[in-house]
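> Got chain A; can you put chain B on it based on the hints?
Line by line, the protein sequences give chains A and B.
The first sequence begins at 0 in numbering that gives the first Met the number 0 and counts up by one.
The second sequence begins at 0 in numbering that gives the first Met the number 0 and counts up by one.
No lab work stands behind these hints: they were computed from the structure.
There may be inaccurate statements among the hints.
Here are the in silico distance ranges between beta carbons for each label pair [stated by the list, open to error]:
#	chain 1	residue 1	chain 2	residue 2	range
1	A	G36	B	A232	30 to 40 Å
2	B	D61	A	L32	34 to 44 Å
3	B	G192	A	E150	51 to 61 Å
4	A	V62	B	A163	30 to 40 Å
5	A	G36	B	N204	12 to 22 Å
6	A	V45	B	E101	26 to 36 Å
7	B	F183	A	L32	52 to 62 Å
8	A	E146	B	F206	29 to 39 Å
9	A	E146	B	A251	45 to 55 Å
If you want a taste of the chain B side facing chain A, the calculated C-beta under 10 Å gives, among others [unchecked claim]:
#	residue
10	L19
11	D23
12	V27
13	E149
14	G151
15	A174
16	L238
No experiment lies behind these values; they were computed from the predicted model shown.
Note that beta-carbon positions come from the ideal geometry of N, C-alpha and C, so glycine has one too.
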Amino acid sequence: MISKKIVITGHFGVGKTSLFNRFLTNTFNEKYLTTIGVRVDKKSLVIDGQEISLVIWDLAGEVSQEKVPRSYFLGASAIVYVFDLSRPATYSRLEDDLVYIDSVLPNVLIRKVGNKKDLVSDQTLKEIHAQTKPFIFTSARTGENIEDLFEGIARTLISPFSNKK
Amino acid sequence: MGTAGSTSDTVLLDRLRDALLRKDRESVAEVKHIVESKEELSKRINPIIAAHMKELEENFPDAYVNVVQKIVDQRMRQKQDELINILYPRLGLLIRKYINNEFRLIRERIDQVRRNSFSFLRFWKRKTADEIIIDLRPSIVEEVYIISHESGLLLGSASSTETADKDMIAGMLTAIKSFVEDAFRRTDEELRGIQYGGYEIMIHNFFNYYIALAIAGTISEQERDELAEKILAFAARELNHDLQQPEPAFYARMQKELDAYFIKPYKALPQ
Chain A
0 MISKKIVITG HFGVGKTSLF NRFLTNTFNE KYLTTIGVRV DKKSLVIDGQ EISLVIWDLA
60 GEVSQEKVPR SYFLGASAIV YVFDLSRPAT YSRLEDDLVY IDSVLPNVLI RKVGNKKDLV
120 SDQTLKEIHA QTKPFIFTSA RTGENIEDLF EGIARTLISP FSNKK
Chain B
0 MGTAGSTSDT VLLDRLRDAL LRKDRESVAE VKHIVESKEE LSKRINPIIA AHMKELEENF
60 PDAYVNVVQK IVDQRMRQKQ DELINILYPR LGLLIRKYIN NEFRLIRERI DQVRRNSFSF
120 LRFWKRKTAD EIIIDLRPSI VEEVYIISHE SGLLLGSASS TETADKDMIA GMLTAIKSFV
180 EDAFRRTDEE LRGIQYGGYE IMIHNFFNYY IALAIAGTIS EQERDELAEK ILAFAARELN
240 HDLQQPEPAF YARMQKELDA YFIKPYKALP Q
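Just chain A, same shape as in the assembly (with noise of 0.2 Å):
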């Protein structure tokens, strides 16, 4: 079985914990607990009958991907990088995330995922998407398109000739 390590990062606040916990245990919580460090587990998926283990590093929010420790990218296999569609200060700082991002692990798989879906209208999403082209919109409430996000990552990390960006 390929083991592979994914990070979910972003600002706080933005919901990668409920992210994380909505795909490993399918559950959400609506009390907000904020991450303290990181938090580390997985979940095994069969992907054309090939087993392959997701470790995944739930990491404690930070206003600026600068300020999570690098070692904490390191080894990944692909980064999950959550944004509140709700709050526009958690995607004004987005680009230069991501670029900060690929000067620690150059060319690693980056997910751009807009979560909250479920608290916004589909005009604002219409807007969020054309101005931050996100990789998919979830909602770690409604558990919208959270299997579909990890499976696809799961996905294009066992198929050597993946498109990664």
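Chain B only, in chain A's frame:
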């Protein structure tokens, strides 16, 4: 006529007033002098204050002990955590000092007995006090992990006990290690161990991976050195190739090798 009469009345009245109030006026003047003179006032008030102070000093415990006790109790309840935080490290240090001292005394006594004994066995097999103590409570390697430095992904593991998910342990251990190394900005140094209670995680760092041993029990310096040598020997024999993309068979082989090398020898020991 009327005016002359009234003048003489006023004079008479003044004389009468002087005669009647003379003593009172003298007393008022004396009191005024005392009140206005600090020295005179102190002379009179100080003995009274001293007497009250003495009385308070003598009777305070009886009169106020309950009130004070109540206030102290209330404050202590309110500041319980603060008190514990203050006392805990000091108690810990005292206990540690006491235990270390007791161990030193035991070692000295054992060494003394050993020196004084005339048994022929002492010439046959000499054991130091340290070895005897370690014999009484042997350390046991319960788990061993080979973990990638950067990713924290598990490259191999073996265990004599049922623990939490090993991939998760490897990840969290790496996160803790990264945090410590990053937080103190000592890029040229690495975390070599974690201790909690009677348990120790011994970490041996290599270039792109590290080996972590979870050890239960007391470990002596000599034992630590022996384990370090064992880890080096194992790494030289089994991990002398690129570990970035190990073959699937590698994980199964590592588990077998780690178990045989680190775990099984301890299973044979009396528990």
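> Work down the list of hints and note, for each, if the structure agrees.
Verification of the hints:
1. A/G36 with B/A232: 30 to 40 Å: Check passed, 35 Å falls within 30 to 40 Å.
2. B/D61 with A/L32: 34 to 44 Å: violated (53 Å)
3. B/G192 with A/E150: 51 to 61 Å: Since B/G192 and A/E150 have Cβ atoms about 39 Å apart, the given range 51 to 61 Å is violated.
4. A/V62 with B/A163: 30 to 40 Å: holds (32 Å)
5. A/G36 with B/N204: 12 to 22 Å: holds (21 Å)
6. A/V45 with B/E101: 26 to 36 Å: Because 57 Å falls outside the window, the suggested range is violated.
7. B/F183 with A/L32: 52 to 62 Å: Since B/F183 and A/L32 have Cβ atoms about 27 Å apart, the given range 52 to 62 Å is violated.
8. A/E146 with B/F206: 29 to 39 Å: holds (38 Å)
9. A/E146 with B/A251: 45 to 55 Å: Roughly 30 Å apart at Cβ, these two residues miss the hinted range, so it is violated.
10. L19: violated (88 Å)
11. D23: violated (81 Å)
12. V27: violated (77 Å)
13. E149: holds (3 Å)
14. G151: Since chain A brings a Cβ to about 7 Å from B/G151, closer than 10 Å, the hint holds.
15. A174: Since chain A brings a Cβ to about 4 Å from B/A174, closer than 10 Å, the hint holds.
16. L238: violated (17 Å)
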